[in-house]
Each structure stands twice: as structure tokens, then as C-alpha cells.
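Given the sequences, and given the hints that come with them, work out the whole structure.
For the first sequence, this note's numbering gives the first residue as 1, with consecutive numbering after it.
Hint data in this document are derived by calculation from the structure and do not stem from the laboratory. The model shown is predicted, which means the values in this text are computed figures rather than measured ones. There is no bait here: all hints are sound.
What follows is a set of in silico ranges between Cβ atoms, one per label pair, in the way DEER data are often shown:
(1) 524 / 570: 24 to 34 Å
(2) 347 / 99: 17 to 27 Å
(3) 346 / 537: 27 to 37 Å
(4) 419 / 368: 29 to 39 Å
(5) 367 / 614: 51 to 61 Å
Here are the computed lysine-lysine pairs in the DSS-like style, where the Cα-Cα straight-line distance is at most 27 Å:
(6) 383 / 632
(7) 110 / 140
(8) 286 / 237
(9) 520 / 347
(10) 501 / 149
(11) 694 / 13
Just so it is clear, CB atoms sit at the ideal spot from N, CA and C, and this is done for glycine as well.
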Amino acid sequence: MDKVYNHKDVEEKIYKEWEEKDFFTPEVNPKGKPYSIILPPPNANAPLHFGHAMYVIEDILIRFKRMQGFRALWLPGADHAGFETQFVFEKKLQLEGKSRFDYDREELYKMIWDFVQSNRPVMENQLRRLGFSLDWSRKKFTLDEDIVKIVYKTFKKLFDDGLVYREKRLVNYCTYDGTSFSDLEVVYLEKEAKLYFIKYPIVGEKDKFIKVATTRPETMLGDTAIAVNPKDTRYKKLLGKKVSVPLTGGREIEIISDETVDMEFGTGAVKVTPAHDFNDYEIGQKHNLDYIPVIGFGGKMTDAALRFSGLYVKEARREVVKDLGELQLLGKTTDIKHTVPTCYKCKNPIEPLLMYQWFVKMEPLAGRAIEAVKSGKIKVYPKTMEKLYFQFLENIHDWNISRQIVWGIRVPAFKCEKCGEWEVTSGEVREKCGKCSGKMNQDEDVFDTWFSSGQWPFAVLRASQPGDFKEFYPTTVMETGYDILRWWVARMVMLGIYETKKVPFETIVLHGLVNDPLGKKMSKSKGNVVNPLELLDTYGADAVRFALVYGTALGNDQSLSYPKLQAMRNFTNKLWNMARFIDMNRIQNSKLKTQNNLTMQQLNNLAINENDKEMIEKTAELTKEVTRLLEKYDFNHAAQNLYDFIWHEFADVYIEDVKNRIDEQSFIILNSLFLILLKLLHPFMPFVTEEIYKLLGGEGDLIVSKWPVKNA
RNA sequence: GAGCCCGUGGCUCAGCGGUAGAGCGUUCGGUUCACAUCCGAAAGGUCGAUGGUUCAAAUCCAUCCGGGCUCACCA
Numbered sequence: 001m002d003k004v005y006n007h008k009d010v011e012e013k014i015y016k017e018w019e020e021k022d023f024f025t026p027e028v029n030p031k032g033k034p035y036s037i038i039l040p041p042p043n044a045n046a047p048l049h050f051g052h053a054m055y056v057i058e059d060i061l062i063r064f065k066r067m068q069g070f071r072a073l074w075l076p077g078a079d080h081a082g083f084e085t086q087f088v089f090e091k092k093l094q095l096e097g098k099s100r101f102d103y104d105r106e107e108l109y110k111m112i113w114d115f116v117q118s119n120r121p122v123m124e125n126q127l128r129r130l131g132f133s134l135d136w137s138r139k140k141f142t143l144d145e146d147i148v149k150i151v152y153k154t155f156k157k158l159f160d161d162g163l164v165y166r167e168k169r170l171v172n173y174c175t176y177d178g179t180s181f182s183d184l185e186v187v188y189l190e191k192e193a194k195l196y197f198i199k200y201p202i203v204g205e206k207d208k209f210i211k212v213a214t215t216r217p218e219t220m221l222g223d224t225a226i227a228v229n230p231k232d233t234r235y236k237k238l239l240g241k242k243v244s245v246p247l248t249g250g251r252e253i254e255i256i257s258d259e260t261v262d263m264e265f266g267t268g269a270v271k272v273t274p275a276h277d278f279n280d281y282e283i284g285q286k287h288n289l290d291y292i293p294v295i296g297f298g299g300k301m302t303d304a305a306l307r308f309s310g311l312y313v314k315e316a317r318r319e320v321v322k323d324l325g326e327l328q329l330l331g332k333t334t335d336i337k338h339t340v341p342t343c344y345k346c347k348n349p350i351e352p353l354l355m356y357q358w359f360v361k362m363e364p365l366a367g368r369a370i371e372a373v374k375s376g377k378i379k380v381y382p383k384t385m386e387k388l389y390f391q392f393l394e395n396i397h398d399w400n401i402s403r404q405i406v407w408g409i410r411v412p413a414f415k416c417e418k419c420g421e422w423e424v425t426s427g428e429v430r431e432k433c434g435k436c437s438g439k440m441n442q443d444e445d446v447f448d449t450w451f452s453s454g455q456w457p458f459a460v461l462r463a464s465q466p467g468d469f470k471e472f473y474p475t476t477v478m479e480t481g482y483d484i485l486r487w488w489v490a491r492m493v494m495l496g497i498y499e500t501k502k503v504p505f506e507t508i509v510l511h512g513l514v515n516d517p518l519g520k521k522m523s524k525s526k527g528n529v530v531n532p533l534e535l536l537d538t539y540g541a542d543a544v545r546f547a548l549v550y551g552t553a554l555g556n557d558q559s560l561s562y563p564k565l566q567a568m569r570n571f572t573n574k575l576w577n578m579a580r581f582i583d584m585n586r587i588q589n590s591k592l593k594t595q596n597n598l599t600m601q602q603l604n605n606l607a608i609n610e611n612d613k614e615m616i617e618k619t620a621e622l623t624k625e626v627t628r629l630l631e632k633y634d635f636n637h638a639a640q641n642l643y644d645f646i647w648h649e650f651a652d653v654y655i656e657d658v659k660n661r662i663d664e665q666s667f668i669i670l671n672s673l674f675l676i677l678l679k680l681l682h683p684f685m686p687f688v689t690e691e692i693y694k695l696l697g698g699e700g701d702l703i704v705s706k707w708p709v710k711n712a
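Right under this line is the structure:
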């Protein structure tokens, strides 16, 4: 054996061997009970970041269960990541001096498809480098034909059940990216703004005004009421009176009362623009107001904005303020801080705009999802995360699932040109209207990516291999970062229960984020992103894996620590040298048998020396403890126990002791105990343990060896 | 505005009701042994602050301070 463990020589070789021997499929344990985890499908188009390396937790579970004899399935996939990917692709086009408008829908889709396919192996190979024992024979993509079909079916079912509807409503729209979003994709940023006080002349009463305060004067062109609080005595006598909206050529609106108006803010009177503000939209619904859209989808003022038509919102604001000043209708302006809805991707302001979109009615779905966790049908680790889950589901709004992009699953809905009738299908194309035989056109929009990934567990198991769904659904564990609990996990629960009548997974395990060494969130814009591959090169996959679970409680964020990585790398080397010691003794004492792989029971029968007996007992205890900790998803302590015991008890004390009294019997015990420790450590450090196991003459392959049991 | 998490030796973090723990770092000693060393030992903490509950609190409760995250329609 080499003097020093060299992970580079070992990892690739071993992974290939495992893959060639088909150890990653559940079929290695044909008779075991099913145990399944679906890998959260990474974006097919993007290289992995450090968060993905945390999926090592899933590999630990799968290897553990595989060794215990379960039919352990860990199913890999890739996500088309609709808007994310189209955004990246458009950036690329931009660099080439092009834009999405230079291509028709089909061309653009094809280009993105090729782009994604060419990048996809990068991500998949990184998963291999991490040592993940994923069943590649079952890998799926969210745009695979069979998956798409399932997504269509769910949509149709939701529609038929009245849980999907198409309506013209105010939605979050990014005029830069040209698409609408769900609530979750809107980020509220605190910004400095000007609060303008504007006078609206009261009709028929000369020189009388009502003053309102607003940060968005340009939207006044679409005002359809002024609202005050019914309790506000200041305005009681003005209720029902008309005012004329400045700059609109005398358009008249009414002063109404609504209890949502905050008397303390501004003047206590608020302008109501139902077509461009969520609050105002609500008020508009209640009071049956008109909707006058003055901002268009391109971010420019519409014709309804009269002479401001064609101006961008910002310009329009400036002009409106200027004109109001000239008309003596502008009061004071003050500086305030307020939160502005912005696009999570491009950071430009989100405009609430009125449009027809497909919505999923969430309340009934959310209720069942809440119930699933409250009743214990789904367990959450760590338990504190339940709060996040409930918080989201208890305050949920209907989900806008339409996106105005091409990269994704196109909505299978067709509209008749003639009679306007909509028909939703399970993917079949409708050319003729069933009612009037008019020509039908498919909706241009695609689904929100999360609508398809929200169906992933049942979709992927129905599509992977015949029998998989029956065998492996519900899956055992869903493990992912807590940051996508709402985006993804909660939606999987809702859609899973809806479509299959069963929870999609029995347990949710959530890990924390990996921050940079200074504790800051890694992000491209900050330039502090650490490429996991570099660390794999430097420290080896085993060390990186171990460092990620060691010393951090489940669900807590951690900062990348180079000293820790180094310590873990040293640990792999320590293991290697323990093996070298054992190996050298075998060679030097050729009469020593290579008999090993004895069970605890056999070792107990063999041992005479007190120290040997004690070590057997301690190893048995460790086995019990590590097993117990893994069962309760306490990877941190399982890892710490292994580390401490192997280094500071087994190596520092026991090996030092055996050194001075080595004989046939003690060698067999030493060797066997070490192999047991390798088994316990294997889920965490699969490469070095497998390599050593084989060098020391372990039977077969460690990855499929039997998990040690205390009393066997 | 509301909620959540974190604040433990120089650094990174475990512990979360029963005499303060680990890794890294530091200091001293030993060894070249299977070990890019490794082994042994030591120094170093009134567990953010203040009150309370308890026989007993880093651990439970309250308030406050500091750091982070999330949610929310403040015009």
C-alpha cells in the first residue's frame, strides 16, 4: 500500500466499479423491504453548487438502508428549471447581440433544449464525483415525454375538479422579463421613495380639494375612486361626493369608504387604482369599481394614460409630477422608506397587471397538506421546520401557474377563435371547437416549473420503470434544503395527496445552507461562490462529505471551513494508515490467517484477552449507537461518534495495545473489528472505506455488505 | 409590523434540566512508530444581559441587547 491515501486514484475507479456492478439499483436486495428517496432534481442546465453537496445526507441514508438489506432506491433526475434557464439563455443571446424576439417559439425552444442537453452531463458527473449511489438507470428529466403527459393529466384533473380556473386577475408581472410570477417569486426590497401629496378637486365646489398621499403618482391616471376610513370623521361629509382626476380631462370618481384604509397614513385618504395595486384591486372588487389599466406589459403607459401614453413608468411619473406642479395640485413631497415588490431574478420592479392566467385554487389542497403533517402521516426533521411549513400553507393564495415564456410545458388548453370557448385536454391537440367547430388555438403560456416539479415523486415513479410506483410510493424520505420548503416540498405534498390520495413521502428531512467561510450566503453577484469540485480535488470526496455532516446539527446553516475539511482529509489518511498497519502485519506474519469478517458473536467466542473483549464490546455499542442515530437523522452525532471512536479509541488505544502482543488471534480480532468499523463508516466515507475493505480482504464489496448488528 | 433561528473557550461549532464538550489554533513533553506526522499532557469559558421557575438552568419562562433569515397589500 502507498504511504499516503491518494483519493484521486481511488474515487473514479471505485465509482465505476460500483456502477458496472449495478449496485445502485434496488434490485441488489430483491427481497428487501422498499426504501426510497427521490433526489431533488437539480437544474439540468447549471453546475452544482454547495447546497447540492448536502444531498450527501440522502446518500448516507441510502447506503445505510441498502446495507441493512432494504430495496433501497435513490432516483436521480434533472429539472428543466423553466424561467431560470430561459433567463440564462437570453443572457447568452444578449451577449451574441440577439434576443428571444429574433426567433419563433419552436426555434427558441429547440435552441434552449440543445443548450440544456449539452450542459446536463456536467451536473450529473458532479453527482458522481460526490460518490452518490444514484440509480442512473432510472434517471428522468422533467421534460421527458412520459413526465409531461402526467403533468397534463394532473392539470386536466384539477380543471375538471374545479381546482384550476382561468381568470383575469391582478398578477405579479415583470415587464423586463416579460412574464408573470407566483407570489413566491416576488421579493420585497426596502427602498427610499418619495411620497407625493396630490390634490383632487371636488366637483362643483370651487377651490375645494381632497388630498391623498402616494408613491406612485403616475397610476392616478387609472384611479377609479378615492377611499377613506368609515370611522374617519374628517372625511365623513365628503363621502359620496365626486372628485375629478387631474390630468385625465375631467374624469370623475367617487369618494368611498373602506375599513382597510389606514387613517394614520398620509392624509387618511387614498387613491384607488384597482388595475395596478393588490390592495386597490380588493377594494375595487368590493365596491364594484372600474379597472383602467394605464401600464402595459412592456412597462410603458397605455393609451388610457392619454398624453403620457408610450412613456416608461419612470418617465411618466416625472412628467405627471411636473404637470401636477404646474396645475398647483401638488402638495408637499416627503421621503419615505417602503418595500417595493421586485423580480427575484432581475431585481426590477414587479408591476401588478391585470391579465388572464391559469390559477390553482389552493385552499382545499393546503388543508389536506396541513392535516398530513399535523396527523403525523408526514414527519418533519428537524421538527422546528414545521412552523415554516404551516406558516406558508395557512396563509396561502391561489397559485398563478402561467408563465409567458417558451421553456417549459405548454399549457394544454385550447381556445376557440369563434366562440371563445376553452377546452383543457390531457395533452391532445384540439383543432376544432366542440361547440361551434371554430378553429382552436393553444394557449401560448407554459407552466410554472414548480407546477411540474411539484408532481415529481409520483410522476417520476410512474414513469421510471413498471412497478416502481406501486413498490416505492409513497417514498420514505424527502430530503432537501429548508429554503425550498415552500416552493417545492409543500407543493409536492399538496399535489401528491391530490393526485394519488397518499402522501408523497413519509418523512421530510431538511438540511441547512452552506455559507462561505465568513458566514455569508454564497452568491454569484458577491463573487464568493466556492465550486464544490475544487474541494473534491483538494480534499477528496470522503473528506468533503464528512465535513458537511460533522459538527453541524441538522437544519442549521454552516460556514464552509477549510480547517475542518483538512481535519477530515487527515481522518481519511488516518484510516488508510490504520489499514496499512494491519496489512503489514499480515504480510510480515505470513502464518497469520486472513480469516476475518467475523461477526460480533463469533468474535466474542474467540476472544480471550480482556482488552480484546472490551474492544469488541465497545464496537458493538458503537454499532448500536450509530444505527440509532442514523434512524433519527442525527448525522452529526453519528459522524462524531465514529470519528472519536475510530481515531481516539480504536487507533490511539487499542491498536497501540495490540501492537505489543500481536498474535494470530488478536490479529483476526483486530482485522475483523476494523472491517466492522469500515462498514459503519461507509455511508459517510464510501470511497476510502471500500478501497481499504478490499485491500484487507473483506468479502465481496463493502457497499453491499451487511450492516453490522450488535448482537449477531 | 409579525414570526423564526442564532449568540457556549482565540476560531468553527456540538450540547438544550443534573458537576462545561469537540475539531482547529496555542503551550509543554514524547516518538519516527501504520500515519502529508502521530501520541500524551496543559492552558483557555461567571455558556449575550437581566430577572424568574426549579432541589438543580448553557438547557425552561419573561424582558432586553447583538447578528441572521423569513413572512406581510402600508398607499
